[in-house]
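With chain P held as given, fit chain E onto it using these hints.
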Amino acid sequence: MSGPFRVSDRLRLVFILASVLTLLAASVAVALYDENQYRLQSTEAANVQARVLADTVTAALAFGDHDALQEYVDALRANNGVDAVGVFDNQGRRVASFTRSQLADRLSQVKTSVTAPDQVIVFAPVEQGGVRLGTVYLRDRTEPAPRRLSRYVAPGFLVVMALLMFAVMGLDARALRIANRELQTEIEEREKVEAALRQSQKMEAIGRLTGGIAHDFNNMLGIVMGNLDLLLRRFQDGDPKLVRLADHAMEGAKRAAALTQRLLAFSRLQPLRPTSADIAKAVTDMTDLLRRTLGETVAVETVSAGGLWRAHIDLPQLETAIVNLAINSRDAMPGGGKLTLETGNAYLDRAYADADEDVTPGQYVMVAITDTGAGIPADVIGQVFEPFFTTKPTGMGTGLGLSQVHGFIKQSGGHVRIYSEVGVGTTVKLYLPRSQADVAKPAAVAMRSQAPGRRDLTVLVVEDEVGVRDFAVEALTELGFDVIAADGAKMALEQLDLHPEVALMLTDVVMPEINGRVLAEQARKRRPALKVVFMTGYTRNAIVHNGVLDAGTHLVSKPFTVAQLGAELDATLADKGGA
Amino acid sequence: MSRIAQKRTTALIRRLIAVGVALACPVAAQAQEPLEIAVKAAYLYKFAAFVDWPAATTHPAGAPFTICVVGDDPFGPVLDRAVADQKVGDRPIAVLRLATAVHDSPCDIAFLGGSRAQSVKDELSVLHGAPVLTVTDGGAATGVVDFALTQGRVRFRVDDQAAAEDGLTISSKLLSLAVSVRPRKTSGSPP
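As they're listed, the protein sequences go chains P and E.
In case it helps, my numbering puts the first sequence at residues 1 to 579.
In case it helps, my numbering puts the second sequence at residues 580 to 770.
For reference, chain P alone in the conformation it holds in the complex (with noise of 0.2 Å):
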């Protein structure tokens, strides 16, 4: 498209640059042969008019009539642009003459003398009857050059003008070809970032359409596994039958419960505890777990670089993020190989971060996985990111381990890269924020009791669905509370008003008219010292601001065990900052 336009833009500056120079060329050659034309004709109206008088002064010449000679030479006077006339005899004496400034008195000397350049002389020889009488001699000064010259100013006037006229076309044809060519940059720029940004809003209605159903899917789960869970605990001593078959079901619901904590991390939506975290630790610390993962044929490397910053990371989904793309390198090297972890810090800069439409410019710590596998062909690694994309074998990966990282990573405010070749091998580059607080924070979560003892405590369950807060109160009640059940915030409220014994709150977040975090804030209103805990599977609302728990806040997440619900219940009550 650019090719032919860009060759007639050439073509046309070419045909102006001609033009100019012929114009000039014309100019001058023009001027030249006026020049020559008025130099011939001058000589020849000189030759005229000395042939005239050698013609005129024969019989006198001839007869040595002088005074006739004189006035024939006077005659030419008249003639202003006539310098000097000499008419010579046969011996080369000068016999009559006028002149306007010198003239020499011997015709050897006339001949040699040296003339300025604005004279014409001719001479002329004076004859009759084929006999040489002598010789006329006639010197025509030219016009001086700045009059000739100012002949030329109106025709160079015009030439300077049309010079004038073809610059500004050449410069214009110029500025066109700049604009244009700014202009198809400008272009591919934007498509560049278009493609980027569709990239973007793909992956997002994505993780929206996935959050959405790992949500709803977790909630049922919640009710699966908790009153699975209900059921293995009261019936320990039970048929070791029927317990092995809940065994299984609750397998079954637990790999069903990582699956969609998968989908949630894609969606960007599962609840993140970051930390100022020491990457390079980190890193040296799962080294033995990789060996052991990838098995022998693989050799896992780690190189550290110094001085580097603290990341602010959720460290266990890190981890799992590193194990995750490790058993991605492990699969992409049937035969063995080598994998390579890399950590250093990076700036990310703003050019960089112009080529992408949604990195933060700034500083990173950076963690590259890189293996010597088969690589990814450059058609597929836009999709790569995607969940349910994969380049392995039917049945032999879910296509999640790289949405997962890809999600958690944006969730945390990072950035994930991937360079591959075919052949030579891959390397995913995550770039995990900086932390602000260099000096690791005292852990967000608190201290474990196991607090036996602490039963005679009533907690109040808000939960619109049935299924989860029938769960919640056996749950509860399992663990020895006291347990007060409501099914919205409504009722919520009156339920603390009619029960002033009730210390913490157990809520869902997502109802409807009130949601979980407005409830909270009214009750403690009521009641400053009352304890609340969510109950979430889903972080995309009041109490997550990006993905990011307010500090201090207690969450547990759906689905969950008794065992967690009580650990994290008895974490809440352990902290003295009350919330």
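A couple of the hints might just be wrong.
[Said to hold, decoys possible] Lysine to aspartate or glutamate pairs mimicking DMTMM-like chemistry, simulated, CA-CA at most 25 Å apart:
no., chain 1, residue 1, chain 2, residue 2
1, E, Lys666, P, Asp89
2, E, Lys752, P, Glu71
3, E, Lys619, P, Glu127
4, E, Lys752, P, Asp67
[As the list claims (entries may be wrong)] To spell it out: a stretch of chain E is covered by chain P in this simulated footprint if at least three of its residues, at any positions, have a beta carbon under 8 Å from a beta carbon of chain P; those stretches are:
no., stretch
5, 617-628
6, 664-675
7, 753-764
No wet-lab data here; the hints were simulated from the structure.
The structure presented is a predicted model; accordingly, all values stated were derived computationally and were not measured.
Where a beta carbon is used, it is the ideal one built from N, C-alpha and C, also for glycine.
What follows is chain E alone, placed relative to chain P:
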């Protein structure tokens, strides 16, 4: 006529003065007299360039251009020296001295000096109608060209009518230099 007579008187006076000067100062006289003669001698052959002879008188190839001195010869060797290296066209110049004029002479130019045997007037009548440029040196009878002294310089008069009668054409350049010209009659045609 009276004008010519006056000129002649002037010429005579000048000659008397010249003679007087010559007597007083022999060297100067010697220089003065030959100068006038030399100029006239030079004029004789110079006239040739300004005169066209009728085509019928074309001389055989190689024939010299002939200047005749008829009767008394005032020039002597001066004339021979003057024409020695000169040519008229491609013809060399020969000097021929004749005692009397004859109609069918080989002369192209004839200086009529006159003599006791034949006066200038008689010589003119003999040469009348012949294609010969007749030259006289003052006097009552004048040829086509008649020498005259004007302000101490040798000048000449031209009788264009006489030239026409002799079948000669005289260049207007020569006419323009003449002291006086007797113009040819426009109706008259040469014989």
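Results of checking the hints against the structure:
no. : hint                : result
1   : E:Lys666 x P:Asp89  : holds (17 Å)
2   : E:Lys752 x P:Glu71  : holds (14 Å)
3   : E:Lys619 x P:Glu127 : holds (20 Å)
4   : E:Lys752 x P:Asp67  : holds (15 Å)
5   : 617-628             : holds (count 5)
6   : 664-675             : holds (count 5)
7   : 753-764             : holds (count 3)
Hint compliance for this structure: no hint is broken.
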